[in-house]
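S.K.: Single-letter residue listing:
Protein chains: 2
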Amino acid sequence: MIAFSTQDSSLNKDIVLKAVIYTPSEPVVASWLERMRALLPDWTFNALTEENDPETVQYAVVWRPQTGDIAKFPNLKAVVSIGAGIDHVLADEELPRHLPIIRTVGADLTQFMREYVALHVLRHHRNRPHQAAAQARAEWDAVEVPPAPQRRVGVMGLGNLGGVAAQTLAGLGFQTVGWARSPREIDGVTGYFGAENFDAFLEGTEILVNLLPLTEETKGVLNADTFAKLPKGACIINAARGPHLVEEDLLSTLDSGQIAQATLDVFNVEPLPSDHLFWKHPAITVTPHIASRIDSGTGSRIIAANLEAFEKTGTVKDLADAVRGY
Amino acid sequence: MIAFSTQDSSLNKDIVLKAVIYTPSEPVVASWLERMRALLPDWTFNALTEENDPETVQYAVVWRPQTGDIAKFPNLKAVVSIGAGIDHVLADEELPRHLPIIRTVGADLTQFMREYVALHVLRHHRNRPHQAAAQARAEWDAVEVPPAPQRRVGVMGLGNLGGVAAQTLAGLGFQTVGWARSPREIDGVTGYFGAENFDAFLEGTEILVNLLPLTEETKGVLNADTFAKLPKGACIINAARGPHLVEEDLLSTLDSGQIAQATLDVFNVEPLPSDHLFWKHPAITVTPHIASRIDSGTGSRIIAANLEAFEKTGTVKDLADAVRGY
Numbered sequence: 001m002i003a004f005s006t007q008d009s010s011l012n013k014d015i016v017l018k019a020v021i022y023t024p025s026e027p028v029v030a031s032w033l034e035r036m037r038a039l040l041p042d043w044t045f046n047a048l049t050e051e052n053d054p055e056t057v058q059y060a061v062v063w064r065p066q067t068g069d070i071a072k073f074p075n076l077k078a079v080v081s082i083g084a085g086i087d088h089v090l091a092d093e094e095l096p097r098h099l100p101i102i103r104t105v106g107a108d109l110t111q112f113m114r115e116y117v118a119l120h121v122l123r124h125h126r127n128r129p130h131q132a133a134a135q136a137r138a139e140w141d142a143v144e145v146p147p148a149p150q151r152r153v154g155v156m157g158l159g160n161l162g163g164v165a166a167q168t169l170a171g172l173g174f175q176t177v178g179w180a181r182s183p184r185e186i187d188g189v190t191g192y193f194g195a196e197n198f199d200a201f202l203e204g205t206e207i208l209v210n211l212l213p214l215t216e217e218t219k220g221v222l223n224a225d226t227f228a229k230l231p232k233g234a235c236i237i238n239a240a241r242g243p244h245l246v247e248e249d250l251l252s253t254l255d256s257g258q259i260a261q262a263t264l265d266v267f268n269v270e271p272l273p274s275d276h277l278f279w280k281h282p283a284i285t286v287t288p289h290i291a292s293r294i295d296s297g298t299g300s301r302i303i304a305a306n307l308e309a310f311e312k313t314g315t316v317k318d319l320a321d322a323v324r325g326y
Numbered sequence: 001m002i003a004f005s006t007q008d009s010s011l012n013k014d015i016v017l018k019a020v021i022y023t024p025s026e027p028v029v030a031s032w033l034e035r036m037r038a039l040l041p042d043w044t045f046n047a048l049t050e051e052n053d054p055e056t057v058q059y060a061v062v063w064r065p066q067t068g069d070i071a072k073f074p075n076l077k078a079v080v081s082i083g084a085g086i087d088h089v090l091a092d093e094e095l096p097r098h099l100p101i102i103r104t105v106g107a108d109l110t111q112f113m114r115e116y117v118a119l120h121v122l123r124h125h126r127n128r129p130h131q132a133a134a135q136a137r138a139e140w141d142a143v144e145v146p147p148a149p150q151r152r153v154g155v156m157g158l159g160n161l162g163g164v165a166a167q168t169l170a171g172l173g174f175q176t177v178g179w180a181r182s183p184r185e186i187d188g189v190t191g192y193f194g195a196e197n198f199d200a201f202l203e204g205t206e207i208l209v210n211l212l213p214l215t216e217e218t219k220g221v222l223n224a225d226t227f228a229k230l231p232k233g234a235c236i237i238n239a240a241r242g243p244h245l246v247e248e249d250l251l252s253t254l255d256s257g258q259i260a261q262a263t264l265d266v267f268n269v270e271p272l273p274s275d276h277l278f279w280k281h282p283a284i285t286v287t288p289h290i291a292s293r294i295d296s297g298t299g300s301r302i303i304a305a306n307l308e309a310f311e312k313t314g315t316v317k318d319l320a321d322a323v324r325g326y
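Residue numbers (the working numbering), protein chains in the order written: chain A, 1 to 326; chain B, 1 to 326.
Everything labelled a hint here was simulated from the structure, so no lab data went into it. Heads up, a few of these hints could be off.
Repeated chains share a single entry, so a pair holds when one copy, or any two copies, can fit it.
[What the hints assert, rightly or not] Here are the simulated lysine to any residue pairs, SDA-like style, with alpha carbons at most 25 angstroms apart: (1) Lys280 x Pro100; (2) Lys280 x Asn127; (3) Lys280 x Gln135; (4) Lys72 x Ala283; (5) Lys232 x Ser31; (6) Lys72 x Val143; (7) Lys72 x Arg181.
Next comes chain A alone, as it looks inside the complex:
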C-alpha cells in the first residue's frame, strides 16, 4: 500500500506523497517506492510501515490491503488498485464505501493474459498432459486431436482481459464463444449475454476459460452445476480469482471424468499451501498466480499517469464501479 499525502494542504503546487507501501513482499514495496518517486518527483512516498501523519494522505495505492488500512486515512481522495481487479480492495470490511477506486489496466496486463490463455487452451486442445505422461514412459503415443476450428472454446467475462483473450483464441482458429453480463461485440467471437443465456454458452464448450470479475454474483460460478452442462471430458482454466471455483466440486467432477483436466492460476489461499491436494493431482495444472501481472516498471507509469489525471480532473478512464464490483 502506498499512501500519497500533501505536507501542507494549502500548497497545492507542492504536493508531497508519503508513500505507504503495503504488499506481502518487502522488496516489492521498495521497488514501487523507488519507481513512483522517480516518476512523480513533486510527490513524496512512504511505506505503510513507516510513520505517517494520516491527515495528510490523499491517495492510497494498494494491493491486498489489510482490514482498516485504508480507513485510517480520513482525507483520501481515491484508492488505486495495483491490478485490474478491485475485489482485493473491497474485501476490506472497513473500506469507506464512498471512495473512488482506480483500476490499473495496461498493455502488459492484457498481453500477459492473452499469452497465458492461448498457452493453456492450446495445452488442453493438443492434450499436452497426456503427451507428457507418454514421454515419461518413453512411449510413442500419437494422440489425434481435431484442428482448432472444430474445437469450441468459451471465455466467461469479456472485459479488458477476457475480450482480448477471446479475440486471441479466435485468431488461433478456435470456434470461440464468450459470455458476459451485458452485450459486447468482439470480432470472431459468438457472444452469449446474461444469466438466461449461460446454459446455451456452456453447451458444447470443450475448454472453458474463466476471466470474470469476482463479485457476489460470480463467486462460486465454477461449480458442479456449471460443470455438468459442459460436454463430458471438458477442460477448465481459472485465471480470474480463487473464490470463483468451488474446490470440492472440481475434485469430484475430475473423479467422475466429467471434467478431464483443469489449469488453475488462482486460489482461495495464496500461495497455495504446500499440503493442498491440487499440487499433486494428476489432472490439475497449478500455476502460481502468474497468468498476468503488473510489474513495477510498467505499472508505476500507468499509476503515475492516473494519479496526475485524477488530481487534475477528479476522474480517470479506469475508474471502477464499487457497487458493481469491477
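Based on these hints, arrange chain B on the given structure of chain A.
M.R.: Okay, now just chain B, sitting in the frame of chain A:
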C-alpha cells in the same frame, strides 16, 4: 502407397485405380483405400501388398515408399506425396527422377502446424518446464518473464507451413523474424534471406523454430555452430525433419547451458527407440511426430482433387521441384 492404374489404357473414360497403399500401418492403408474409392468411384484402388499389373498403374500415392516401390511401375504419370514434404519420396534411391511429384498441402496441415508452433513457443516463452517442475515439488515459484513483444522468436523456413507459423507468432505479439533461401514478405515478420543473412537472423533469437524443407543444404542445420550464434539459454523447436538436427550437438549444448530447452517432434529414426537418450532428458520435450498431420478424411479430398486436375491438365498448383528438393 497407392498406385492408380487403368485396366485398359485404350479406355480413357474407364480409368481404374488399382490402389496400392503403402504406409507403416495396415489400418491406415485400409482407411485411405476406402476414402479414395468413395471420392473417385471411376478409379480403382488396391494396396501395394495386393497383386497388381505394373504396366497399368498411372499414379502412385505414397508415404515413405521403400526403395524400388515406385520404379516397379513403368508407366507412372506422377507420384503423389501424402504430405507437404517430398524428402521421403526422394529418399528412394531408385526413384525415376523424371517423375512429377505432387505435394499434399491443405488447410488442416497449416492449421495443425500453427497450433503446434504457437503452443511450444508459448511453453518456452512462459517457462512451462520450470513451472511444471516447481509444481512437482509443491513449490509456489512465480517465474517472471518478459511479455512477448520483448521476446525475439525466429522461424527458419517460410514456405506454406513456416509462413503461417511466423504470422501466427507475430499475431500473438512476439518480435518475429524469419529466414528463408529466397525473399518472401510476411505481415509483421522481419525477413532474413540467403546464407549471407543467416547469422544476423540468429543473433538475439531466443526461441528458434525449424520448419525448413529437408534438402542436402539444410541437413544438419541445427548444429553446434548454429546454436553458438543464438543468445545463451535459447530454446529450439524442430517440427520439420529429424536429419535437420545433429543430435550429439544438441546434447552437448544442453549440457553447457547454451541451449536451455528443446522440443522435438521429428527424429532420425521414428518411432524414437525407447532407449534413446532424448526420452528421459529433463530439458527435452519429445512429441511423436504430431505437429501436423494429414488425416485420410481431409487428405483424401485434397489428393482426389489433385489427381483429377493432373489427369485433365497435366499439372497442379502443388507440384514440387525435385531438383530443389521441395
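S.K.: Next, verify each hint and record whether it holds.
M.R.: Now the hints, each set against the structure:
In this homomeric assembly, Lys280 and Pro100 never come within 25 angstroms of each other (Cα to Cα): the closest approach is 42 angstroms inside a single copy and 55 angstroms across copies. Taking the shortest Cα distances, Lys280 and Asn127 sit within 25 angstroms of each other both inside one copy (19 angstroms) and across copies (19 angstroms). Taking the shortest alpha-carbon separations for Lys280 and Gln135, both the intra-copy value of 19 angstroms and the inter-copy value of 8 angstroms come in at or below 25 angstroms. Taking the shortest alpha-carbon separations for Lys72 and Ala283, neither the intra-copy value of 45 angstroms nor the inter-copy value of 52 angstroms comes in at or below 25 angstroms.
Taking identical chains as interchangeable, the C-alpha atoms of Lys232 and Ser31 are never at most 25 angstroms apart, the minima being 47 angstroms within one chain and 28 angstroms between chains. When the C-alpha separation of Lys72 and Val143 is checked against a cutoff of 25 angstroms, the pair qualifies neither within a copy, at 59 angstroms, nor between copies, at 35 angstroms. Taking identical chains as interchangeable, the C-alpha atoms of Lys72 and Arg181 are never at most 25 angstroms apart, the minima being 35 angstroms within one chain and 67 angstroms between chains.
In the structure shown, a violation is registered for the earlier hints numbered 1, 4, 5, 6 and 7, in ascending order.
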